[in-house]
Amino acid sequence: METQTITQEVSEVAAEPVKSPTTVLSGSEALLEALIVEGVETIFGYPGGAIMPIYDALYDYNDKLNHILVRHEQGGIHAGQGYARTSGKVGVVFATSGPGATNLVTGLADAQIDSTPLVCITGQVFAHLLGTDAFQETDVINITTPVTKWNYQVTDATEIPEVIAKAFYIAKSGRPGPVLIDITKNAQIQKFDYAGYKKCDHIRSYRPKPIVRPQYIQEAAALINSAKKPFIIWGQGVILGSAEQEFKAFVEKSGIPSAWTVLGAGAIPTDHPLNVGMLGMHGNYGPNVLTNECDVLIAIGMRFDDRVTGRLDKYAKQAKVVHLDIDPAEIDKNVKSTVPVWGDCKETLPMLTALVDKKEHTEWHDKFKDYTRQEVEQVIEKELNPTTDEMTMGEVIKQLNEITKGEAIIVTDVGQHQMVACRYAQFNNTRSNVTSGGLGTMGFALPAAIGAKFGAQNRTVVAIIGDGGFQMTCQELGTIMQSGIDVKIIILNNRFLGMVRQWQELFNSRRYSFVDIESPDFVALAAAYRIPGKVIDDRKNLPSALNEMLSNKGSFLLEVMVTKENNVFPMVPQGCSVSEIRLK
Amino acid sequence: METQDNDKQEFNITVYTENQIGLLNRIAIIFTRRKINIDSLNTSPSEIESIHRFNIVITESEEVVRKLTRQIEKQVEVLKVYYHTNADVIWQELALYKVSTDVIAEKVSVERLLRENGARVVVLRKDYTVFETTGHREETDNLISILQPFGLIEFVRSARVAIIKDSDGFNRKLREFERLEPGEDVIENEYLNKGQKVFTM
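Keeping their order, the protein sequence lines are chains A and B.
Taking this note's numbering, the leading residue of the first sequence gets 1, the next gets one more, and so forth.
Taking this note's numbering, the leading residue of the second sequence gets 1001, the next gets one more, and so forth.
Think of the hints as simulated: they come from the structure by calculation, not from any bench.
Treat each hint with caution, since some may be false.
Dumping the calculated BS3-like pairs for lysine-lysine here, alpha-carbon to alpha-carbon at most 25 Å [stated by the list, open to error]: (1) A:Lys320 - B:Lys1067; (2) A:Lys314 - A:Lys333; (3) B:Lys1165 - A:Lys333; (4) A:Lys166 - B:Lys1074; (5) A:Lys564 - A:Lys534; (6) B:Lys1067 - A:Lys209; (7) A:Lys209 - B:Lys1074; (8) B:Lys1035 - A:Lys336; (9) B:Lys1067 - A:Lys314; (10) B:Lys1074 - A:Lys199; (11) B:Lys1067 - A:Lys336; (12) A:Lys333 - B:Lys1035; (13) A:Lys253 - A:Lys369; (14) A:Lys253 - A:Lys166; (15) A:Lys358 - A:Lys228; (16) A:Lys198 - A:Lys19; (17) A:Lys191 - A:Lys209; (18) A:Lys333 - B:Lys1067; (19) A:Lys382 - A:Lys367; (20) A:Lys317 - A:Lys229; (21) B:Lys1067 - A:Lys172; (22) A:Lys172 - B:Lys1074; (23) A:Lys317 - B:Lys1067; (24) A:Lys229 - A:Lys253; (25) B:Lys1008 - A:Lys336; (26) A:Lys336 - B:Lys1074; (27) A:Lys253 - A:Lys172; (28) A:Lys346 - B:Lys1074; (29) A:Lys333 - B:Lys1074; (30) A:Lys253 - A:Lys367.
Sequences are here, hints too, so could you generate the full structure?
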């Protein structure tokens, strides 16, 4: 199946600026002009005292910039993340000073660890009030420094065009990340001679990507060609670098079994014959066990997170490691590489593909198939085709796959349902799996799904959320109601904070400490926001309920009651090696 | 990977940066996040206008230091980072000592004190005298213990500044950075080329 690049759906053509150069503009107007030239179409935000001049200017830009009023700034930034992840563009978020800005922090940390390009604009008190504990004053720059790729405080309107240009350049270039620009109220109001907006493409102290070293490519190719049991593990870098085609070409020529991290899912289709499954704590059996059997490990655009590696001193010790990454700080950070291939994988992969031999590695693939057979027998079959009365999360995902045919964008929250969805969802296309990978932010999915839909309006967006996570950001149902955006919501309700309960069962002698969570009537809650919904607890109603949800014009909430005490397996227990993965 | 304490030694980290508010914090939190103490920190303008030079001293293993330097170099406004052991650099700290002129003139052979400690008098007043010396920590400490019995009034010591023995053309490189489009040899992280000989110049 072809991997499609979805970014095309959102117009890449920058709109014409409204104001001609050399006019007098306020800082706020200059900001909005900058957003228009940067091709921004959608802003997620929430007004407040210190950002009022920007909102006042926005009143006149309503036809050019689509502002979505969220219900909480955290919802705003997660929506920005969802938008960035599905569209490939920079997500833009507005918030006011003080509490507005501090409410962004979780989303910034999430975007930082998951390399999501964002530009967040926060209002700030008047410059002359800085440091006086003024109303709604918070030291936003210092609070957000550890969780931003770059941040900057503007106190003078004349700085705005250049700073916004830098913000967009930094957010999207190299390894993407969140940028926060804090603009004092006086700078928003201040009029100045606007000389037009120039996009930034160079900052002398910033090197977004290292120069590709041909000798490392040659060394890597030689290593790969000599390998008997090579193994590719890929991450989100392939997607962020828009290198899906280059990656597919490399995998197909080299014939090497390839496994993905949670955020890498969908870079090549789930059912691609060389795709052997998911890595990590709840990943597939073969990819985990055989990590410790391969002779050459080729890591592409991934960062060896501890959830992927398990116990590091027993991780792939037998293997020579080729690590392709755009961020030099990732090389040798967790796993020592034999050949570091610095650079943008969109450039390095084709160079590597040209030098690798065409192979099939049939015997080696058979080993993966062997492990898959065992996993199907002992885990997957029970999860997808259960014989119990109660439904499993896995069978819901399986049904969903059958109806959406793998074409939907799946947005997940954090916990058991997330691991089950990532394990079993079918992804035909890139930019289809939106989840909080690194930070594990509960409450991410509902607002992220809203943003995901704005970022890919022609695609179906299904949010899959647990009963716990849904209650963290369920106020964003209001955003859905008011914007009229079409998001399908599935709550997999097991009446527990399931993942913590699973750990308590396995590692804390079933001492269920505060994981028994009560929920409201979710369908009634949705109804209060004029969103239709349905709850089912019998599997015979599952296909019709899913069809009803997907064919409904507009958003729909489907609550599925699933078995209470199911565990996600396989599992690499914390502190164990990947080869010690448990099937039960 | 766990590093043993006995691998630890003093490292001098040299950072060239833009002159930007907040950058000190951005660099400092790279250490504090990992609960690493900064033993000494000096920051001042370099020989090139608008470029600042940090000298940071920490006690850590080389592996940790290498990772830290990469994290620092990753910051948008950081131009270049190098690290060196004490053997690779020549360093000085400057110390000032304020003592009572009466006591010192009466009880100490000032001439010998100045000679033996490489010190000099910065201020000489009726009521107090300020000595200055530069050197390694032990040397500046030594003068404290000498002056302590004679009523040391106040003491202050600067952070370490270090110059790199093997440096060849840092000044030239910095000037390259000044140009809008740096040459390829300059734009690149030096250690990318050198594999294991990372940062050793």
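Verification of the supplied hints:
A threshold of 25 Å between alpha carbons decides the hint, and for A:Lys320 with B:Lys1067 the separation of about 21 Å falls inside it, so the pair holds. Under the criterion of a C-alpha separation no larger than 25 Å, the hint pairing A:Lys314 with A:Lys333 is consistent with the structure, at around 16 Å. Proximity of B:Lys1165 to A:Lys333 is assessed by CA-CA distance (about 28 Å); at most 25 Å being required, the pair is judged violated. This hinted pair checks out: A:Lys166 and B:Lys1074 have alpha carbons roughly 16 Å apart, not beyond 25 Å.
Of the pairs offered as hints, the one joining A:Lys564 and A:Lys534 holds, with about 19 Å between alpha carbons and a cut-off of 25 Å not exceeded. At roughly 18 Å between alpha-carbon atoms, B:Lys1067 and A:Lys209 fall within 25 Å of each other, so this suggested pair holds. A C-alpha spacing of about 10 Å is found between A:Lys209 and B:Lys1074, which places the hinted pair at or below 25 Å, so the restraint holds. Using a Cα cut-off of 25 Å, the hinted pair B:Lys1035 and A:Lys336 holds, with the two alpha carbons roughly 23 Å apart.
About 21 Å separates the Cα atoms of B:Lys1067 and A:Lys314, which keeps this hinted pair within 25 Å; it holds. Pair hint B:Lys1074 plus A:Lys199 holds up; C-alpha atoms about 22 Å apart against a cutoff of 25 Å. Taking the CA atoms of B:Lys1067 and A:Lys336, the gap is about 12 Å. The hint holds against a cut of 25 Å. With a C-alpha separation of about 17 Å, the suggested pair A:Lys333 and B:Lys1035 falls inside the 25 Å cut-off, and the hint holds.
Between A:Lys253 and A:Lys369 the alpha-carbon distance is near 20 Å, which keeps this suggested pair within the 25 Å criterion. This hinted pair does not check out: A:Lys253 and A:Lys166 have alpha carbons roughly 39 Å apart, beyond 25 Å. For the hint pairing A:Lys358 with A:Lys228, the CA-to-CA distance comes to about 13 Å; that is within 25 Å, so the pair holds. Distance hint between A:Lys198 and A:Lys19 is fulfilled; the C-alpha atoms sit about 13 Å from each other, no more than 25 Å.
The hinted pair formed by A:Lys191 and A:Lys209 fails the criterion: a straight-line CA distance of about 37 Å is larger than 25 Å. With a CA separation close to 7 Å, the supplied pair A:Lys333 and B:Lys1067 stays within the 25 Å bound. At roughly 22 Å between alpha-carbon atoms, A:Lys382 and A:Lys367 fall within 25 Å of each other, so this suggested pair holds. A threshold of 25 Å between alpha carbons decides the hint, and for A:Lys317 with A:Lys229 the separation of about 14 Å falls inside it, so the pair holds.
Between B:Lys1067 and A:Lys172 the alpha-carbon distance is near 24 Å, which keeps this suggested pair within the 25 Å criterion. At most 25 Å may separate the alpha-carbon atoms for a hinted pair to count; A:Lys172 and B:Lys1074 meet this at roughly 15 Å. The straight-line distance between the Cα atoms of A:Lys317 and B:Lys1067 is roughly 20 Å, inside the 25 Å bound, and the hint therefore holds. Taking the CA atoms of A:Lys229 and A:Lys253, the gap is near 15 Å; set against the 25 Å cutoff, the hint holds.
A distance of roughly 20 Å separates the Cα atoms of B:Lys1008 and A:Lys336; the hinted pair therefore holds under the 25 Å criterion. Taking the CA atoms of A:Lys336 and B:Lys1074, the gap is about 19 Å. The hint holds against a cut of 25 Å. A hinted pair counts as satisfied when its Cα atoms are at most 25 Å apart, and A:Lys253 with A:Lys172 does not qualify at roughly 30 Å. Taken as a hint, the A:Lys346 and B:Lys1074 pair is honoured in the structure, with Cα atoms around 21 Å apart against an allowance of 25 Å.
The straight-line distance between the Cα atoms of A:Lys333 and B:Lys1074 is roughly 13 Å, inside the 25 Å bound, and the hint therefore holds. Annotation: proposed proximity of A:Lys253 to A:Lys367 holds, straight-line Cα distance about 20 Å (limit 25 Å).
Violated hints for the displayed structure, listed by number in ascending order: 3, 14, 17, 27.
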